[in-house]
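Chains as they are written, first to last, in the UniProt record's numbering: chain Z, 1 to 499; chain L, 1 to 499.
One thing to keep in mind: the hints can contain errors.
Given that identical chains are not distinguished, each listed pair holds provided it fits within a single copy or across any two copies.
[Unchecked claim] Listed below are the simulated DSSO-like cross-link pairs for lysine-lysine, each with C-alpha atoms no more than 27 Å apart in a straight line:
(1) 253 x 207
(2) 114 x 16
(3) 103 x 12
(4) 50 x 224
(5) 431 x 177
(6) 193 x 342
Since the hints were derived computationally from the structure, they do not count as laboratory data.
There are 2 protein chains.
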Amino acid sequence: MGYIEKLKEKLKDISKYHQIMSLMHWDLETGAPERSFEYASNTLGELSGKIYRMETSEEMGDLINKLTQKNEYDNLSENDKRIVDLVKKDYERYRKLPEEFVKDLTKTTSNAQKYWVEARKNNDFSIFQPYLEKIVKMSIQQAEYLGYDGNRYDALLDMYEPGMKTKELKGIIEDLKIRLVDFVNDLTEKGTKPEEDFLFEKYDLNKQKEISIKVLELMSYNFKAGRLDVAAHPFTIRINPGDVRITTRYQEKDIRDSFFSTVHEGGHALYEQGISNEFVDTPLYDGASMGIHESQSRFWENILGRSYDFWKYFYPEMQKTFDQLKDVSVEDFYKAINIVEKSLIRVDADEVTYNLHVMLRFEIEEALINERIKVEDLPKIWNEKMKEYLDIVPENDSVGVLQDVHWAHGSFGYFPSYMLGNLFSAQFYHKMKEEIPDYDKMIRRGDFSSILNWLRSNIHKHGKKYEPNELLRKVTGEKLNVDYFMDYLKEKYSKVYKL
Amino acid sequence: MGYIEKLKEKLKDISKYHQIMSLMHWDLETGAPERSFEYASNTLGELSGKIYRMETSEEMGDLINKLTQKNEYDNLSENDKRIVDLVKKDYERYRKLPEEFVKDLTKTTSNAQKYWVEARKNNDFSIFQPYLEKIVKMSIQQAEYLGYDGNRYDALLDMYEPGMKTKELKGIIEDLKIRLVDFVNDLTEKGTKPEEDFLFEKYDLNKQKEISIKVLELMSYNFKAGRLDVAAHPFTIRINPGDVRITTRYQEKDIRDSFFSTVHEGGHALYEQGISNEFVDTPLYDGASMGIHESQSRFWENILGRSYDFWKYFYPEMQKTFDQLKDVSVEDFYKAINIVEKSLIRVDADEVTYNLHVMLRFEIEEALINERIKVEDLPKIWNEKMKEYLDIVPENDSVGVLQDVHWAHGSFGYFPSYMLGNLFSAQFYHKMKEEIPDYDKMIRRGDFSSILNWLRSNIHKHGKKYEPNELLRKVTGEKLNVDYFMDYLKEKYSKVYKL
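Just chain Z, same shape as in the assembly:
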């Protein structure tokens, strides 16, 4: 057996343990009984320790060493070269972090979550503050262990968005922020806000579920290789290559929540279901990055799922299912689900204001990691930025600085992916429309096959074969360009708000 085959055997082994952990995570989030958690968390902890040991073993190091010798490496196929590169990158990253540090970080963040919950419940940031201080300190330490060229935040950002740099992000944001703030002001001051009351009547939960299944079928989500369940915080998870599961949630008094959560997660799931099978059990069997993954969910949720053409096709199905919509026209429904608002909560934000919420978080966390601000000042800073970007101030920290769990998880560097997802999706969309001449007509017919084929052959099938920026250039012919996103917003919302 050659070295590359030996490596693949090891990766297959590791993959089995990931599959088991995925099933356990899915189970815990979709209805495992309360008393199961303690035992399951324990087992999960041991399994991640096991994976860590497998990924950082001397044997693994030897194999990587052998495979990166020039004569060995040059003889590998392109795919195998990429596999070796990715395994090496992870190996080196893990080896840079002392085992004690990893354990301590895991313990610290899992402990911090409890206090985050309590702080949120009591509207009291000070409960969470000491834990967040420790996490920030450890995240700085983590970045130091990992190393970086320019900005310390780069070390963390790279875990979620490989190749992206803080400097580039700052450039994007500087440009985009002004344009977004102006546009939001135009819409809310000069535009006409649509009616929306009918969205909040009582909608039968079973019928909402039927609609969720229908739209997933329409998207060609493969139910023979997946299932739909309920979770408090919807997510998509791959259990194994034949099993990519979606979760959603149903609110009786908001018809939007389940629908758009389902379509969003459906977008993630189509990506996972579309990765080439030849990559199974290797690091290539994954999304290109968090941002690229989010571009898929956001495309389906917003660009397609909140488009007029889509509703022109799908609305009769909704009217048939829900009597409450009998006297609501498709135009009014379409406008209602596209209301733009200066609101407090990121996860409820519309597609125009959403990125402002993300920028604020990025700016804060980048400053924290570079020690330019202090944890104790976060509530003040948060509120000031909210006032500046969205002209709204949270009445308490629970709907302000305490609203997201990410920092309690220690996931510094994650937030930018949400924004990048939106930007990528608009850039992909622009290219897609160039290459699928009948795009609009097909959506109006409820025929998404050309769209899905385009996504599959341009994005999905490649998995993690390319770096995100490489993939973007390969597909669209250029690097990240925020104009596509702004153009998309302007064209759509000027009409919705009759500007």
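Fit chain L to the supplied structure of chain Z, relying on the hints for placement.
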């Protein structure tokens, strides 16, 4: 660390893998998507291989060796002695089976199941015959590897019912068979068969589910440490010590199926939830035997769940839930769910005829293992025995010799547990009534707490601390006595059938 602590560490490790496999099994049976099966089965195969290697390792052998030295062993607590005994027994059993043989048997039986399904679908025993022949041959080989004193079948029986011997079983059956056949004839010839049509009206599935949950709550099944799901073949499974899950199934046109499946599985689950926590992660954290486990499910399903006193309490709840029962009296309902019939299918059999179905299977498998009969003659032998015991002949093999999956699984030696469960349950019941003076009254009040406490302190909490016959004697003061079962049947059914 002493040897016993080292052993316990290993057992804890093994237990983690069992927990993972349980979750995967549960998932596959309760709705995992079709395409998940191939990958999950693969992972399950590797996990069982891993457990096998852990259980038969040289290290494990050394520890057992050390712990069974007189001076070491004598210093162990009673519980630890029992742990060592059980581990040793399993270790020796596994070591007797060559790894190649185990793999071959697993492959053979998993393959055979496909042909069993096909044979059943096509009503054609010959499709299954060659696979069953191979399984019988391998089961004989297995018994030879394992070794036995008297009857070759003992080696297999002991895996499910430790300590039970073929000779003893034959003695029990010889006595019981005649008494049962006579009694069934009395009932069906001289008795008055109750009405039952109302059981087969259309019963709303959601309401059936509500009733299932209500009765489990009434039984004190702990939903915080378990959940109820749907499976084609209902089962109970422990995921971990805080998580014992039940499955049931709902038939729209039979009100009995979901109810009694739920109560049956609830009985298993109460046993699992009641084992002393000090046994967690050791072989004592298990039922005493398959037969004792079945005694718990059968007690709740039949002795309690099909009793007049129970329905006197619970029937108003049923009438409130189902309009179809509005004009049916509790007496008529009680009689309908206790109809005795000479029927073809074991799993649908009433508690009077059930053991006859089991005896027939035991007689056939014992003769197969001892090579007194041939697989090719099974359909004929089956039908002859059905005629003899139940005076009914299957019109085809699908409702005859092909009805159960057990032989395709290679589970020779399992069937007797079903009968023993019935016999144990009646013997326990007799003792329970002696020790709980207000037994009947409490059931009529829907108060099962004394009963559950009795079961917990006499049976559940002990787990696998005692051999089944030892437990039976400890609880009831005597060895297995079929009179209790016959007395119970006679008293109950003479009334139902107005003999």
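Checked hints:
| no. | hint | verdict |
| --- | --- | --- |
| 1 | 253 x 207 | both (13 Å within a copy, 25 Å between copies) |
| 2 | 114 x 16 | between (30 Å within a copy, 25 Å between copies) |
| 3 | 103 x 12 | both (25 Å within a copy, 21 Å between copies) |
| 4 | 50 x 224 | neither (31 Å within a copy, 29 Å between copies) |
| 5 | 431 x 177 | within (24 Å within a copy, 79 Å between copies) |
| 6 | 193 x 342 | within (12 Å within a copy, 73 Å between copies) |
Comparing the model with each earlier hint shows a violation of hint 4 alone; every other hint is respected.
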